[in-house]
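**Q** Here the protein sequences come in this chain order: A and B. At position 246 of the first sequence (counting the first as 1) the number is 245 in numbering that gives the first Met the number 0, and the numbers step up by one without a gap. At position 15 of the second sequence (counting the first as 1) the number is 14 in numbering that gives the first Met the number 0, and the numbers step up by one without a gap.
Keep in mind the hints are simulated off the structure, nothing from the lab. Please note: incorrect hints may appear among the correct ones.
Simulated coverage check for chain B against chain A, where a stretch passes if three residues somewhere in it have a Cβ under 8 angstroms from a Cβ of chain A [what the hints assert, rightly or not]: (1) 23–29; (2) 58–67; (3) 279–292; (4) 321–335; (5) 341–352.
Calculated lysine to aspartate or glutamate pairs in the EDC-like style (CA-CA distance at most 16 angstroms, straight line) [unchecked claim]: (6) A:Lys358 <-> A:Asp325; (7) B:Lys358 <-> B:Glu229; (8) A:Lys358 <-> B:Glu308; (9) A:Lys248 <-> A:Asp203; (10) B:Lys358 <-> B:Glu321; (11) B:Lys358 <-> A:Glu169.
Each residue gets a CB set at the ideal place from its N, CA and C atoms; glycine is no exception.
2 protein chains.
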Amino acid sequence: MSGTRFPLPPGAVIGVLGGGQLGRMTALAAARLGFDVAILTPGANDPASRVAARTIVAPYDDPAALAELVAIADVVTFEFENVPASVVERLIGLGVEVAPGPRALATAQDRVVEKSFFRDNGVPTVDFVAIAAAADIAPALGRLGAPALLKTRREGYDGKGQAWVKSAAEADEAWARIGAAPAILEARAPFVRELSVIAARGRDGSIAAYPLAENRHENGVLRLSIAPAEVSTATAGQARAIAATVLEKLDYVGVLGVELFELVDGRLLVNEFAPRVHNSGHWTLDACEVDQFEQHVRAVAGWPLGPTEPFAAVEMQNLLGEEANDWARFAAEPNARIWLYGKAEAAPGRKMGHVNRLKPFKR
Amino acid sequence: MSGTRFPLPPGAVIGVLGGGQLGRMTALAAARLGFDVAILTPGANDPASRVAARTIVAPYDDPAALAELVAIADVVTFEFENVPASVVERLIGLGVEVAPGPRALATAQDRVVEKSFFRDNGVPTVDFVAIAAAADIAPALGRLGAPALLKTRREGYDGKGQAWVKSAAEADEAWARIGAAPAILEARAPFVRELSVIAARGRDGSIAAYPLAENRHENGVLRLSIAPAEVSTATAGQARAIAATVLEKLDYVGVLGVELFELVDGRLLVNEFAPRVHNSGHWTLDACEVDQFEQHVRAVAGWPLGPTEPFAAVEMQNLLGEEANDWARFAAEPNARIWLYGKAEAAPGRKMGHVNRLKPFKR
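With the hints as extra help, turn the sequences into a complete structure.
**A** As structure tokens, then:
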């Protein structure tokens, strides 16, 4: 409620918008610290609801549900970056603190706003042009060079809502494929590797970053994260500096994930950031004293940030769709830890769980 | 339900009798593996209920509640060893598997039965005599030597229901102090240290034991566990052998805690065992890939047991009563991890949480 005093004491209630696996693992971390969690989700029987003290099942913009959440929650966060920014503003209007704040959410929700934010703050990113109509594509392609990647400004994740444009002749087809929605055209980044950095900012302005992860995607979906990634000191430093800039310029409270392209000379370009805990940070669950989920809870609750130094190297493998049916095999691997999200239906490509394969550092 | 096939797949429901912190941490571990948890507890708003998918609030022997639990749970376990054995038998009669089984529970619930079980199976324990009336104490004291410890046969924990008897003249007073209930008189063990071993047995009969912990009590309540305890190879081997005997002779499935007295020559006497996860095993939460709670869930669900080798040394400190109010200080310690149980009232001596202080093994 309004006038919340931080740090929140154990027993306080953390509200979470969204009921997926990120909310579930956040709720587990919150419980370790003695907090109760209240989930607001449109889905009945969602993964997070089944480990939360309270669940409100309603659309995110349901006024009664938002009022109910504000009545019970001491602070609200989200596990899903497509929560309407208007919902966050309404919550704040009802007198509850929301972290990260609406500016972070709004920035992350619109790819043109996001990339403009990077550019305006000296954060290196790919060249881009805003696209309002199919006719904008050809001139933009002329400026950025072909091929370029057309993406919707809003929504779209795991490779959805994207189309490569190899020539001006393909403009109309690409425009149709992404649904003829407001878009961004991005220059192709000549990257050699995809990396990410998970970092947090506390209510006191302190910042903590985990070591980088190297990420391998398949069909636009994260398949493997290898952490800590083998990177040069300069690359690691640049990643930390990028994360710090984003966190500070957005007056951010909580954990974020920054997706990075590594160029052949080790320099980094930012692809995008997620204003939440991030799939490429799941390796921290079994390799750090304080994992990204507890770190997020600590930040949101106004607690001190925890250490980010890992005690093991990890290969994190997402279990997509029916791969999770092999749980018995993963559970029997001696240095693997399996996390399953409690989803009933293993739709193809759906993130059902993950496995962290650990290589403890030499003793 | 009857005819349950093991291993249980993710999505199965694990029923837990009891709603305290042991149930809470068991529920968190079960969630990691994709299970749902259903708690049966007489207490409203218990620590475990707030992280469980379902809670049935009712007395343990409520027939409708037991039927409801059997209808939803694929297997049932307990976090509290004073659940009436008749309840477990009723559950089994209703067709659900209960692990550990009723024999383990009945053995642990009666100190005379328990110590007789040790003696009959060659497990070294203190000398003892069953006491049915105050008049039995003087002759028993003559046999065991003074002082000796009078304990109720049933219930009593954390030093409750116990009285030292220094001479036959104190027999009546001691008998009154323990509530004039059926009792056991135990010879004093000339121990130099209190140790414990946490071990598990899977449905396939496999056994896994964690390294020993050294335990320090205050006023009968566990204050500190130091793990792995510095013990000789022989002592460690004897502890594992004791745990294996208890597990096998009781055809046990799940985790147990065995409390041990170490004599000056390193030999061990068993004090008692707890047919459940154990406070002196909380150090495993932050120092083992698979902690005692996940190990228990794995065993009960018929999954393979996990590794028990720690990657860090730990000093576990219980937070009793108002000590938990210092959560902000513990949260700021760089190598400490804090666990809070979500209990609203910090009654004196009440277990509110614990802190694991980690010393990572040298890399």
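**Q** Hint compliance check: list the failing hint numbers for this structure, sorted ascending.
**A** 2, 6, 10, 11
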